[in-house]
Structure formats: C-alpha cells, structure tokens
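Next come the chains, spelled out residue by residue.
2 protein chains.
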Amino acid sequence: MITLGVDLGDRSYPIYIGESLLDQGELIRQHIPGNSALVVCNTTVAPLYLDKVEQALGGLKHESVILPDGEEHKNLTVLNTIYDALLQHRFDRNTTIIALGGGVVGDMAGFAAASYQRGVHLIQIPTTLLSQVDSSVGGKTGVNHALGKNMIGAFYQPRAVLADTTTLNTLPDRELSAGLAEIIKYGLIKKPDFFDWLQTNMNALLQRDTDALAKAIEVSCQTKAEVVAADERESGQRALLNLGHTFGHAIETGMGYGEWLHGEAVGAGMCMAARMSQQLGWIDDNAVAQTVALIEQAKLPTMAPASMTVEQFMQLMAVDKKVLDGVLRLVLLKAIGHAVVTNDYTQQQLEQAVAVSLPT
Amino acid sequence: MITLGVDLGDRSYPIYIGESLLDQGELIRQHIPGNSALVVCNTTVAPLYLDKVEQALGGLKHESVILPDGEEHKNLTVLNTIYDALLQHRFDRNTTIIALGGGVVGDMAGFAAASYQRGVHLIQIPTTLLSQVDSSVGGKTGVNHALGKNMIGAFYQPRAVLADTTTLNTLPDRELSAGLAEIIKYGLIKKPDFFDWLQTNMNALLQRDTDALAKAIEVSCQTKAEVVAADERESGQRALLNLGHTFGHAIETGMGYGEWLHGEAVGAGMCMAARMSQQLGWIDDNAVAQTVALIEQAKLPTMAPASMTVEQFMQLMAVDKKVLDGVLRLVLLKAIGHAVVTNDYTQQQLEQAVAVSLPT
Numbered sequence: 000m001i002t003l004g005v006d007l008g009d010r011s012y013p014i015y016i017g018e019s020l021l022d023q024g025e026l027i028r029q030h031i032p033g034n035s036a037l038v039v040c041n042t043t044v045a046p047l048y049l050d051k052v053e054q055a056l057g058g059l060k061h062e063s064v065i066l067p068d069g070e071e072h073k074n075l076t077v078l079n080t081i082y083d084a085l086l087q088h089r090f091d092r093n094t095t096i097i098a099l100g101g102g103v104v105g106d107m108a109g110f111a112a113a114s115y116q117r118g119v120h121l122i123q124i125p126t127t128l129l130s131q132v133d134s135s136v137g138g139k140t141g142v143n144h145a146l147g148k149n150m151i152g153a154f155y156q157p158r159a160v161l162a163d164t165t166t167l168n169t170l171p172d173r174e175l176s177a178g179l180a181e182i183i184k185y186g187l188i189k190k191p192d193f194f195d196w197l198q199t200n201m202n203a204l205l206q207r208d209t210d211a212l213a214k215a216i217e218v219s220c221q222t223k224a225e226v227v228a229a230d231e232r233e234s235g236q237r238a239l240l241n242l243g244h245t246f247g248h249a250i251e252t253g254m255g256y257g258e259w260l261h262g263e264a265v266g267a268g269m270c271m272a273a274r275m276s277q278q279l280g281w282i283d284d285n286a287v288a289q290t291v292a293l294i295e296q297a298k299l300p301t302m303a304p305a306s307m308t309v310e311q312f313m314q315l316m317a318v319d320k321k322v323l324d325g326v327l328r329l330v331l332l333k334a335i336g337h338a339v340v341t342n343d344y345t346q347q348q349l350e351q352a353v354a355v356s357l358p359t
Numbered sequence: 000m001i002t003l004g005v006d007l008g009d010r011s012y013p014i015y016i017g018e019s020l021l022d023q024g025e026l027i028r029q030h031i032p033g034n035s036a037l038v039v040c041n042t043t044v045a046p047l048y049l050d051k052v053e054q055a056l057g058g059l060k061h062e063s064v065i066l067p068d069g070e071e072h073k074n075l076t077v078l079n080t081i082y083d084a085l086l087q088h089r090f091d092r093n094t095t096i097i098a099l100g101g102g103v104v105g106d107m108a109g110f111a112a113a114s115y116q117r118g119v120h121l122i123q124i125p126t127t128l129l130s131q132v133d134s135s136v137g138g139k140t141g142v143n144h145a146l147g148k149n150m151i152g153a154f155y156q157p158r159a160v161l162a163d164t165t166t167l168n169t170l171p172d173r174e175l176s177a178g179l180a181e182i183i184k185y186g187l188i189k190k191p192d193f194f195d196w197l198q199t200n201m202n203a204l205l206q207r208d209t210d211a212l213a214k215a216i217e218v219s220c221q222t223k224a225e226v227v228a229a230d231e232r233e234s235g236q237r238a239l240l241n242l243g244h245t246f247g248h249a250i251e252t253g254m255g256y257g258e259w260l261h262g263e264a265v266g267a268g269m270c271m272a273a274r275m276s277q278q279l280g281w282i283d284d285n286a287v288a289q290t291v292a293l294i295e296q297a298k299l300p301t302m303a304p305a306s307m308t309v310e311q312f313m314q315l316m317a318v319d320k321k322v323l324d325g326v327l328r329l330v331l332l333k334a335i336g337h338a339v340v341t342n343d344y345t346q347q348q349l350e351q352a353v354a355v356s357l358p359t
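Protein sequence lines, in the order shown, are assigned to chains A and B.
Going by numbering that gives the first Met the number 0, the first residue of the first sequence is number 0, and it counts up by one from there.
Going by numbering that gives the first Met the number 0, the first residue of the second sequence is number 0, and it counts up by one from there.
So here's chain A without its partners, still in its complex pose:
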C-alpha cells in the first residue's frame, strides 16, 4: 500500500492506494470519528462492493443509499434522496458519509456531506480509474444543473481517500479509457516525463497491468495533491487541472448528460485545446500529433461530436465556471508538460479551433 498526503493544514488527509484495501476494516474505521456512517453507492457498485464496506464498518450504526447509475442522475432531485436517507435514519452532525463508487457518486455524496446539517464527515472510496486519479481527491463536490455541469456544489475535503486497485478488475473497458484521459492530462499540464512514460506504457495500462496502474494512479494523485495544496479554491494554478474540460463540459451538456462519459469528453476536449494551442503558434504540429495519438491509443475520441455546432459550443462555454467578469479563461498548452490559463485569444480563434475539431 502507498500512502500519499494532501497538505491542507487542519484539513489535510491521506490517500491510500493499493490492492484489497476494502478488506482492511481498520483502515476505514480509523477515519470515522462518530458512531454512525451512511454508505452512498449506486446500482452498479452496490452488488459488487457494498457488502465488503458494510462488513468493514463492524459494529458501527450504518445504513446505505443506492443511487441510479450515471451522470444524468447527478442532480438536485437525486441528491435529495441522500438527505431523505440521512433524516429517516436520524443521522446526526457527527456522522460520516462514505462515497463508494465513481465520480458521480463521489461528487453527490461529497456535496451531501458538505451540506447535510451544514457539514458532516466524508470518506471517499473511489471504484473507477477516473475517480481514483481525479475526482476523489481535492474536495470538489457538486451536482449538475440543466444549464451547466457542476454548477451547484462546494469545496469540501474528505477525511481520507481509499483507492482500492482491486476494484478496477470489474471496470468496463470504456470506463478504464475514461480514467486514462485524466491520467494523460497530468502529463500534459505539468509532467512531461510522465507523458513519455505513458507513451511507452499505454498498452500495459489498457491490459490492466497491476504495477503500471498503481504507478499511474500514484503519479496522478501526487500531481493533483500538489496542485490542490497550492491552490485549494482554484484562484490560480488549480485551473490547470481543467485542461480539456471547458470543451469537454460543453460536449457533455450539449449531448445530454450520460451520452459521452466525462473522460471521453475530456479526451476530445484535450485534443481541441492542443489544436487551438497550435493555431495560436504556441506548440508545433508534432506536439499536437503526439497528444492526439496518445489519446487515441487510450481508445478515447479525439474529435468533437458530429451532431454539435460551433454556435452550440460558444453558447455552452459562455456559462463555464472559468468565465470571470464576462471573459472565458482557457487552459492551453505552451508545450507538452506545460499548460497555462489564458484569455489571450480572439473569439474568432476560439471558433476556428472548435470548427477544425468537428468531423466534416
């Protein structure tokens, strides 16, 4: 087992990465301060791992709530079912919510923990590659609104993150690829050596080689922990973690939540960001080709959906959280391994970058 730390003063917490962590009850229980816990999971994860986690909780008072699976259910209505369960079972302010599942479960259970009785304890047990390398770390929680993704939420840190790599054995191939999108992102934004390593080891990752996965998760969590510790509430460099996400969120919202997986939209979005960086003269053809090739090798889309239009992208991106006083800041590349946040582009250049990423 590897233990990493997220350094946030009195809100610091450990990330445990390793095999069969769910079998280690004490590892979970030591992070539960009260005498009760609510496990939040979904219809896919519950049959696989809920029993294990409930066993780990031993004699603690515990209940579970099982959400419908999928990004299209990440909304206020489904969130309310978590509050219902908490109140029906009279869970108090010292209770712990355990998020057991992928990014959607983590985001919703996290926001429920942030807002139930103005804040209860939270443990993240991510069971997908994407949530292990990204969403479970850093404290971003929330739900979608019909007019924009993740528009309602809170920064709320967990007391611990347990990434049990054994759970990846049951992950569908499509979701494995979605997780690889966020892993590639860390290479692109600030770890050029890791990008090189990924070029060499992508096939091992796709074949679920245990050592390769553990290494990719470790570097990803370490990179995210560094960025979050430096800028918890995204007033500066944390925005770099959104490489590909402004384009990607527009795809997710435009196609309807759940059509494209988040990682798939980010994959295409990073290709769009690379192409725009090239058009601005910041990176060369070769850097774009390498980026697109690695994303393609991870079995992710590299083009925007054919059914969307430039106008639709412009409209959807105008409500992005990175808009400040009317100006959309984009994350673009100065090199592979060096991303920047910028508003140094024209509307026309943005439109053109979208246009070349739409299939003809």
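Some hints could be false.
To be verified - Computed footprint of chain B on chain A, listed as stretches where at least three residues anywhere in the stretch have a Cβ under 8 Å from a Cβ of chain B:
| # | segment |
| --- | --- |
| 1 | 27-36 |
| 2 | 91-100 |
| 3 | 111-124 |
| 4 | 309-320 |
In case anyone wonders, no lab produced these hints; they're calculated from the structure.
Values in this document were obtained by computation on a predicted structure and should not be read as measured data.
Ideal placement from N, C-alpha and C gives every residue a C-beta, glycine not left out.
Following the hints, complete the assembly by docking chain B onto the known chain A.
Here is chain B on its own, set in the frame of chain A:
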C-alpha cells in the same frame, strides 16, 4: 450609522446599522468585487425596496429574482429558481448575490451564494427585525427538508451586512414581535443587564422608538458577533444561540412551516427551556416568571401549540442538529443572563418539561 465588525480573520466583515442605508449606493457597491450582482428578494419586499437597491447598483450588470414569501417556501425547489436565474443570465464565479429581505430570503440566497459555482460573493440586506438581529449575521445559510428545519445548508460568510432600520417602518406587528424573541434571547443567554434594559424598554420597542430599536439591534449584533468570532462552526459556545430553538424547531416542523413564525416558536421555546431549567433546580420560580413575562410583553406565545403532543416533540427533537452520537444537547438556563449547553437531564425530565408547556 453604527459600524460593528465580525472578526473572522480573512473572512471578517462589517455590519452597518442605521437609517436610510439603502439610499447610500456607495456603501453597497464598495463590497461588490466583480461587475455583476443578482438581487434575491420576495414578493413582499420587492415592491417596497427592490427599486432602491437596483438604483444603488448603478452601472453594474444586475438582475433580480423574486421568491414566494414564507418559511414554507424555504426548500430545494425554490432554491433551484435562484440557480436558474444565475445560469440564465450567465452570472459567473465573480458575481455577488444580494439577499434583500427577511430570514428566509437571507438563508436561501446565502446558500445559493455558498453553492453556485462552489461559492460566489454575498451581501446581506436584512429588512426584518429578526434578520437584522440574528440570521443575517454569522454565516448560517440553508433550506428546510420535509423532515427537519435547516437540515441542508452551509456556513458561508457575507462580505457585508447592511441593517437599514428605516425598513422596519413597513414591518407588520407580528413580525416585529418575532424579532424581539431573538433580542430577548441575547439577554437570557449572556447579557443580564440587557435583559433588565429590555424589561424597561419593551414598550418603546413595540412602539418602534427609533433610538430604542437602534440600541437593541446594536447590542444583539454585537453579542452575536462575539459568539460567532469565538466559534464560527458551532463546535462549542455558538450553540448557546440556540436557546429555545430545539423546542422552537419542533413547533415549526410539527405545525407545518409558515404556521408559526420562527420568532414565535422561539418565544414559546425559550419559555419551555426556562421551565425545564426550573424543574432541574437550576433557576427559581421568579426567574421563570420574569422570562415568561418579558416574552408575553413582546406579544409572543409562551406555551406550545395545543395541537401538538409530547410524543411528537420527542420525535421531532430527535433529528435536531444538536444531537451528537444519539444524545440531544439542550441549551438551558443557569440564571437569567447565563445559558449552558447540557445533556445532563433524563428523558423523563425532558418529557415533563414539554408536558407542562402544553395547554391543558
């Protein structure tokens, strides 16, 4: 104009108390960091003061959203209409939400500010006595759930509070009394001299004497600011501010939100707390009589609703936010001007205290 400070490090903020503050545009604008603002008010307050506030905003991009009036609308569904307005008008992360109204508007607009894009700026402009002396100060925000009051929310501090005492001229008598309940509370929990002053000046307050109201608001805000600065997230003494609230919330939930005003329920709740303190032998008959008399003088109820039962109280109080690991902590009186948080009582004593407060 009086200026008080709430001392919370980098989240400190001023409370301005005085006449005709809404006519001072610069006072509001200096606390708006971005170039846009959304005014949240309700159907009662909008015709009275919305124009004034919109004028104060001058050239800033601004919109408004008008909520239905009343505690029964303080829920996730109505909250969502604030998010709708924010997104429809493409308000970004640097926007400011201005809560213009009573406690319900302040709580909902505050939680919208806490959660929209994971947090935007907030200014509180309370227009009722209750919100000027209590809910606008201290950062508690949230909405109700069918199974419990204020069960969903966040601690989120405003950038400034403007208590314009001129707005009290349009306040109905019943709401004036509701505000007096919270004012009496500060005397009971830690300001015995202020309790004496209130005994002498209650009639002046009921007759809306400007000087008396200004003094009562100042002492109340000052007391609340002291308590909040010492214990922002209610891990200790802040719970004292809940004197009468555990009983009161049970009344509000039991009767259906909106039947009893919050201040009315707190008035009766403080009488219940005083009677229970007496039964425990902590205060004498005279202290109870003085407490009940002052609350009665403020034209507030001093008994629980006749339609409720002891069993109903027990059930509703079991989900109170002050329950920790299954034990309900109550705020009770050791003397007039000295409240404590305690679990030093038996279930039977609690039931008896409720029973003697039910009309026979």
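Results of checking the hints against the structure:
Residues of the segment 27-36 of chain A lying with their CB closer than 8 Å to a CB of chain B number 3, which satisfies the three-residue condition for coverage. With 3 residues having a beta carbon nearer than 8 Å to a beta carbon of chain B, the segment 91-100 of chain A meets the requirement of three or more and the stated coverage holds. Counting residues of the segment 111-124 of chain A whose beta carbon lies closer than 8 Å to any beta carbon of chain B gives 6, which meets the minimum of three for the stated coverage. Look at the segment 309-320 of chain A against chain B: 3 of its residues bring a Cβ nearer than 8 Å to a Cβ of that chain, three or more, so the hint holds.
In this structure, every one of the numbered hints holds.
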